Every structure is written in C-alpha cells, then in structure tokens.
Amino acid sequence: PGITEEDKLKLFNKFARLSAHPTDGEHSTGLGLAIVKKIAEAMDGSVWCISEFGSGSTFIVELPSTE
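Our numbering puts the first residue of the sequence shown at 33, with every later residue one more than the last.
Keep in mind the hints are simulated off the structure, nothing from the lab. In this text the structure is predicted, and so the values were computed from the model without any measurement. Please note that a few of the clues may not be correct.
Listed below are the simulated BS3-like cross-link pairs for lysine-lysine, each with C-alpha atoms no more than 30 Å apart in a straight line [what the hints assert, rightly or not]: (1) K40 to K69; (2) K70 to K46; (3) K40 to K70; (4) K42 to K69; (5) K69 to K46.
Please work from the sequences and hints to get the whole structure.
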C-alpha cells in the first residue's frame, strides 16, 4: 500500500514500471494512468495522487463543470 517517492515521479508516464506489483496477479501494461492523465488534460482537467508509503493512495481526477 502506498507509493514511494521515486515511483511518484513516474506514476503517470507511459509504460511505467513501479516497484509495487499488482496485488492479485493482474497483468499491467503501464498505460492506465498515462491514459487517464491524457484524457483529463484533453478535457481541461487534471489528475494527481496523494500517497503515503505504507498507508495507501488516493487518486483525484478533477474536470471542469459544463454548466
């Protein structure tokens, strides 16, 4: 649980391989968060992560309102 400071630097990069591995043996391409970031930015939004190594992580996607 949680993400190291080193991994935070590459978290949203394409094909990123982090020190942590999927918890249930899932296959990972390293593209998921890069795609989320690209889509959020295309919609004039942003995405970021708040994480404490050993505790857990929260991912936030913020998009502008259409109203």
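Results for each hint:
With a C-alpha separation of about 14 Å, the suggested pairing of K40 with K69 holds against the 30 Å cut-off. At roughly 10 Å between alpha-carbon atoms, K70 and K46 fall within 30 Å of each other, so this suggested pair holds. Using a Cα cut-off of 30 Å, the hinted pair K40 and K70 holds, with the two alpha carbons roughly 17 Å apart. Distance check on the hinted pair: K42 and K69 sit about 12 Å apart at the alpha-carbon level, within 30 Å; holds.
At most 30 Å may separate the alpha-carbon atoms for a hinted pair to count; K69 and K46 meet this at roughly 10 Å.
In terms of the numbered hints stated before, the structure departs from none.
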